[in-house]
Structures are given as structure tokens and as C-alpha cells.
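J.: If you read the sequences in order, they're chains S and U.
So in my numbering the end of the first sequence lands on 480, straight run, no missing numbers.
So in my numbering the end of the second sequence lands on 562, straight run, no missing numbers.
Please note that a few of the clues may not be correct.
To spell it out: a stretch of chain S is covered by chain U in this simulated footprint if at least three of its residues, at any positions, have a beta carbon under 8 Å from a beta carbon of chain U; those stretches are [claimed, not checked]:
| id | stretch |
| --- | --- |
| 1 | 411-425 |
| 2 | 450-459 |
Simulated restraints on C-beta separations [stated by the list, open to error]:
| id | chain 1 | residue 1 | chain 2 | residue 2 | range |
| --- | --- | --- | --- | --- | --- |
| 3 | U | P529 | S | K346 | 29 to 37 Å |
| 4 | U | P435 | S | S388 | 38 to 46 Å |
| 5 | S | T349 | U | K531 | 53 to 61 Å |
| 6 | U | R477 | S | D365 | 29 to 37 Å |
Bear in mind the hints are in silico, worked out from the structure with no lab data behind them.
Computed from a predicted structure; not experimentally measured.
All C-beta atoms, glycine included, are put in the ideal place defined by N, C-alpha and C.
The residues making up each chain are set out below.
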Amino acid sequence: MRSSNKRVAAPRPRARGIAFTSWIGTLLLMYGVGCFAAEGDKLFAPCVACHGNKGEGNATLNAPAIAGQDAAYVERQLRNFRNRRRGIDKSDTFGAQMQASATAMIADDAAVTKIASYVASLPKTINASPASGDLRNGNNQYQGKCGACHGVTAEGNPTLKAPRLTGLDTSYMKRQFAHFRDGVRGTDPQDMPGRQMAMMAKTLPNERDLDDIIAFIHRQGRPK
Amino acid sequence: MKKGLVVGVLVAALAFGAGMLFGRSGKQDLKISSSTQGASYSGGFKAEGEGAAPPGAAIRSVAGPAPTNVVVVKDGESIQAAVKAAPKGTIIRVMPGTYHETVYIDKDDIRIIGVIEAGRRAVLDGEKKLNDAILYSGNNFVAENLEIRNYKGNGIMGQAGNNFEIRNNVIAESGVYGIFPQLGKNGIVEHNVVSGIADAAIYIGMSDNILVANNDVFDSVAGIEIENSRHAIVEHNYVHNNSGGLLAFVTPGLPIKDTVDVIFRNNFVVGNNHPNFGAPGSTVSGIPAGTGILIMAADDVVIEGNVISDNKVSGIIITDHAHAQNITTDPESDPNSDRVKILDNVMLRNGYDTITEAKALLLADGKVGAKNLDIVRVGPSPGSCIINRHQYVTAGVGDFAECDFTNTANTVNYLLPPVPPREIKPGERGKVVYLGICTGCHTYNGRMIGPPVQVIQALYMENPQGLADFIAKPTKKRDDYPEMPPQDYLDPETRLAVAKYMLQVTN
Numbered sequence: 257m258r259s260s261n262k263r264v265a266a267p268r269p270r271a272r273g274i275a276f277t278s279w280i281g282t283l284l285l286m287y288g289v290g291c292f293a294a295e296g297d298k299l300f301a302p303c304v305a306c307h308g309n310k311g312e313g314n315a316t317l318n319a320p321a322i323a324g325q326d327a328a329y330v331e332r333q334l335r336n337f338r339n340r341r342r343g344i345d346k347s348d349t350f351g352a353q354m355q356a357s358a359t360a361m362i363a364d365d366a367a368v369t370k371i372a373s374y375v376a377s378l379p380k381t382i383n384a385s386p387a388s389g390d391l392r393n394g395n396n397q398y399q400g401k402c403g404a405c406h407g408v409t410a411e412g413n414p415t416l417k418a419p420r421l422t423g424l425d426t427s428y429m430k431r432q433f434a435h436f437r438d439g440v441r442g443t444d445p446q447d448m449p450g451r452q453m454a455m456m457a458k459t460l461p462n463e464r465d466l467d468d469i470i471a472f473i474h475r476q477g478r479p480k
Numbered sequence: 056m057k058k059g060l061v062v063g064v065l066v067a068a069l070a071f072g073a074g075m076l077f078g079r080s081g082k083q084d085l086k087i088s089s090s091t092q093g094a095s096y097s098g099g100f101k102a103e104g105e106g107a108a109p110p111g112a113a114i115r116s117v118a119g120p121a122p123t124n125v126v127v128v129k130d131g132e133s134i135q136a137a138v139k140a141a142p143k144g145t146i147i148r149v150m151p152g153t154y155h156e157t158v159y160i161d162k163d164d165i166r167i168i169g170v171i172e173a174g175r176r177a178v179l180d181g182e183k184k185l186n187d188a189i190l191y192s193g194n195n196f197v198a199e200n201l202e203i204r205n206y207k208g209n210g211i212m213g214q215a216g217n218n219f220e221i222r223n224n225v226i227a228e229s230g231v232y233g234i235f236p237q238l239g240k241n242g243i244v245e246h247n248v249v250s251g252i253a254d255a256a257i258y259i260g261m262s263d264n265i266l267v268a269n270n271d272v273f274d275s276v277a278g279i280e281i282e283n284s285r286h287a288i289v290e291h292n293y294v295h296n297n298s299g300g301l302l303a304f305v306t307p308g309l310p311i312k313d314t315v316d317v318i319f320r321n322n323f324v325v326g327n328n329h330p331n332f333g334a335p336g337s338t339v340s341g342i343p344a345g346t347g348i349l350i351m352a353a354d355d356v357v358i359e360g361n362v363i364s365d366n367k368v369s370g371i372i373i374t375d376h377a378h379a380q381n382i383t384t385d386p387e388s389d390p391n392s393d394r395v396k397i398l399d400n401v402m403l404r405n406g407y408d409t410i411t412e413a414k415a416l417l418l419a420d421g422k423v424g425a426k427n428l429d430i431v432r433v434g435p436s437p438g439s440c441i442i443n444r445h446q447y448v449t450a451g452v453g454d455f456a457e458c459d460f461t462n463t464a465n466t467v468n469y470l471l472p473p474v475p476p477r478e479i480k481p482g483e484r485g486k487v488v489y490l491g492i493c494t495g496c497h498t499y500n501g502r503m504i505g506p507p508v509q510v511i512q513a514l515y516m517e518n519p520q521g522l523a524d525f526i527a528k529p530t531k532k533r534d535d536y537p538e539m540p541p542q543d544y545l546d547p548e549t550r551l552a553v554a555k556y557m558l559q560v561t562n
């Protein structure tokens, strides 16, 4: 079912000679070679400054782990950013950064699709430091509120347009959850999956349950 | 002289011994009651007015007088065709043979009676392709002498039918629920042999005035489950090698919010240690394999006269919602098991390989090195009582009072003469279908079998027609959930009505 598992990993000739040290540098590179870079890995180059060169994410830069994320989800989010359906609310500073980057650094829809399938092909990583919480309550709340779409072990479910959650760091999950709950994300009429998530986010009783759910998610996909 | 000394020594020894004995028994405050004497339980259901049975006459049938119209279905013919053609008030005799079909009964007074010839039965075989063997929504329904195999959803499911009798059936490997009367009043489930069911072999859901008796239930996740139901007696059943034997539950998020007045008596609850094969994350998958009797948030459950042996986690577990696995609490349901009453039971070799939580509770009770565990209680259980507690290895029942009765002999059963059909007001079709069908697998805010209603509301917001179309022909969307059976036997208007109802219901 999971397309990411079946997709053959694209060959990745690593151009390690170039150090991507700054946002501006990557932007320049993008403009310099963008028109020749047909492959996903080259198109992905501007993303690594924040998301890491394996897509492993960087909590310090507020960039989520995206490696191995479902391609359709990544594509949808990139389009949402580019179509001003996500990251335009004043309170969403980091979303606004991504909104600007996705708009400026990706040439067109074809490039979006290639980047998305490249991201999906990257091996899944779990680098986020595990959150602590009541795992029993986390399991119960997760299975009651989240598991029906995101899967029993939080691996996501493309059929229901629900992304993988394992591997996402605590602050990213809490921030996005608050955005859904508080009408920052998932408000655009065209963003149906986002609206579905927003509706569910409003049903969670309290912040402690969210902490426990995140602790439960962080137990998934790790050696027990 | 010599003789005098001997006598003197003897007297002294006796006195010493007696002192030891009395001293010890005084310290332990042993209160010994005889269950063949003493007061009988008087707290259960009392029929009133015209529903009351005449004293001395136990009700053994609830479906009313048998119809006189009889049709016969032979091997190679269709039971469903016979039901369709039959007028209300028909006995359908099914001859031995194999029938690959789903039978829907939506009219009253239909009896499907298998004919057993020299051990050969009428077999309904779903071949692991069909979902349900029998779905009835008519009242005064009887199913007898059938053999049901290889269905994916339900063996026999009732949908808001009253006065049902389900007896003498053999049901094996037939999906999620073996026998499942949902939202029914006044029913009997007896003398059935049910095995290999992935959730509850016998599941009494949101029903009232029920007798479950003389069934042989094994190799299933949950043996006999009384859930969000009132006034049920479960007696003389042999419940063995399930993950959990007998269960009285409140499942949160269902429209009926409580389970009250359940008597578990004179059952054999033996070796319920089957590995739990419930779908991961589902409510039943949270039952610890090795549980004899499980009480979760149910009130006024009486446990009497059972032989409870060889259940490796515990003979009896009493819990609230907060301590249970895979349970999302419901603000409208009391999460505690109130007024549990444990009378005399024979408990042997339970809890020999128990779970860590139970071991911790034993330690907290000062029972260091206990090799067995008969009864364990977690969470509040106000108003509970027990007799002859000294005979059991227990954890967490120290504050139970002494019961002021020792038996339930005065309670024969909770059955009634035939009750009127459930009243359905015009415009309530969607609600009744929701209660009678959907809530069998979907709770409002938690995962029972299918996804929670809250999630469905989010997925199908502004799109009731999409939901109505889906339930007619469901597709599998979740690897880790069982596939939903099609509800295409409901007409399109009913499907849309229930979809609309489901998308706006609030708990």
C-alpha cells in the first residue's frame, strides 16, 4: 500500500564538493543550475540547508523530518505552500519561511512532483529525541483520535491522505497541531485533508493528552 | 499420680493449641458464610405490572407462540428466497445441506429452524467471501439448529429486534462476532457452540433482559461479552481457551452509556489463555490473554458459583476505564465498576503467569511471593462487596465490604413475556439504523472495530452522499483494520438517512 516502500530509490550522485552553508547560497545555486537539474536529487539541493541532506530534519531550524514521507503528501503540501493555502497566516512564522522558499526555489509543478518522489524515496529516519509521557494514555488517545487515519503505528496512510508521524520532532508536531486546532492551518476550502485534520484537532481535550500522544508516536518504529 | 500428670500435660497442651488457634483466627477476623444459607440477592431487575411472570413459572421462551405456517428449504435452494416469499409468521425449516448465502430477515415472527438428520445439519458457509450469515431486524425471531462457518463479519446479528431466541447453533470461524444481538430487548442465547471468533463469540450489545445459558464458547478473543446492556444473566456456560472468558463492559462512546445488573453464575471459566488475535489497537486486543472474568466500568455485577480455573493472568479482573488498554474515556459514562458483588466461586490455579501491573498490586497489598492471583481490582469500585474473601488470592479488594447476601437463588431470570417492538418515530430511520447497525463496530470517540465516528465525521464533512455510497460498497482503506461489510441490503434512502444522522451525531 505504501508507495514509498515500493518506489525504487533514485540514484544519488552526491555532489559533496559544494558546501551548502546558507540560504542565499542555495538560492544562487538553484538559479545557476536549476534549469538543467532534471533529477529529484538536484531539485532537492536547496532543501537540504534546513531539512538536511538526507531529509532527516533539523529541529533547531524548525524544519521537520521528511525523508520517506508519502510522496502525495509532500506534493500536496508543496502545492499548498505555493498556492498560499499554507504558511500565510501571520502567526505561522516558520510556515511563512517555507511558503517563500517553496514559491521562490521551485520552478513549476513538474519540479514539485519530482522533489516529492525524491523525498519519498529517501530512507526513513528517526532522529527526534523521544518525548516522555504516559504511554498508556498516549496509546489510548492515539488509537481513539489519530490511528484511524495515521495508522496503528503512526506510519501514515496515503489512501486517507494521512502523513507518517513517526520521526517528526516534538516541537514540529505540537506546533502543527496547534495550527490545525487554532484555525491557522487547514482552513482553505481547497485543502480538504487539512480541514479534516483541523476538525479532529479540535476534539482533543487537553494539552497533556497531546504530550502523551506524541510520546506514544515516538515509541513507534524504534527498537523497544 | 502418673496418670494425673499425663492428663495435666495434655490439658496444658490443648489449652496452648486452642489459644494459638483462637488467637490466630481472632487476628485474621475470619468471617465464614455459607452460600446454601443466608439471604438471597434482591437488587436485580424486577418486572412490573403485566410484564411480571407469575410466581413459580420461569419463562423459557420469549418469541411468543410458534407460527403455524411452515415452509421447507432443501439443499440447493435458497433460504433467503424462502424468507422473501414468506408472510410474517412463518417457520422456515432448513434441511441438511450447504447454503452459501446471507439471510436478511426484516419481518416479524420468522423462525429459521435447521433440521438435523443423524447429525447432519443445515450449514451456512460464507467461504470467507460473504460477510454475514444471518442479519435480522424483525421481532420475535428464532434461529435454531444451524451450523454457520467461514463468514467474515457476523454469524448471527440482530439489529433492533426484540424477543429473540438463538439456540442449538454451531458457529465457527465466522468473523468478528459469532452471535450478536444489538439493541434488542428480551432475548435468549442458549445451547450454542461458538468458536474461533476474532472479537466476541457471544456479544450482547446495548440490549436489555437477556439470558445467555448453556453455551460452549472457546478459541475466541472474548468469550461472552455483556456490553452497554442491562439485566443480563449468564449461567451454565463452558467458557474455555479464549483470551478473556466472561466480560461485562461499558464501551465508551456508544449511545447507551451503562452496563447494569449482570449475573455471572455457575459457569465454567477455564484456561482462557488463548493468544489475543484481536485487531491491533482495537478494544478487545487490550484484553490480557489469560483473563477469566473481566469487569470494566459495569455496575452491579454479581459473580457466583463459577468454577474459575487455570486463567494465567487472573481469575477476575475489575477495572475502570482509566486503567484499561485501548480505551478512550467518555465524559458521559461513569468510568468505574460500581457495586461488584463476589460470592462463593471455586478458584484454582489462576494468575500463575500474570502481568507486571498485577504483580505490583500484589506487592502493594503485602502479598510478597504470591504464586497465584484470583481477583485483582484497579481503579475505584465503590459499594463493592465479597463473601469468604479469605479463600482467594486477591489484590486491591481489601476495602470491599462483606455482602449482606450469599446467593442469587431468588432470581430465576430476567426474561419477560413478548414485549412490543421498538417504537420508531417517522424521521427516525437514520437514527435506528445507526443504533442498530453502525454502533456494533463504531463508537463515537474510540476505536472498537472500525474507525471512530468523530473521524468519519471529519472525513465525510459536507458529504453525506459520499458516506452513503461508501457503506453500500466499502473498500479497504486501512491495512490494520478489518474490512467493512457492505450494507447494500439497506435501500438508498435509508443509507443516506443514516449517513446524515451519523455525520451530525454528538456522542
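J.: Now look at each hint and say whether the structure bears it out.
T.: Do the hints match the structure? See the list:
no.	hint	verdict
1	411-425	holds (count 3)
2	450-459	holds (count 6)
3	U/P529 - S/K346: 29 to 37 Å	violated, 42 Å
4	U/P435 - S/S388: 38 to 46 Å	violated, 27 Å
5	S/T349 - U/K531: 53 to 61 Å	violated, 41 Å
6	U/R477 - S/D365: 29 to 37 Å	violated, 56 Å
Consistency note: the structure conflicts with the earlier hints numbered 3, 4, 5, 6.
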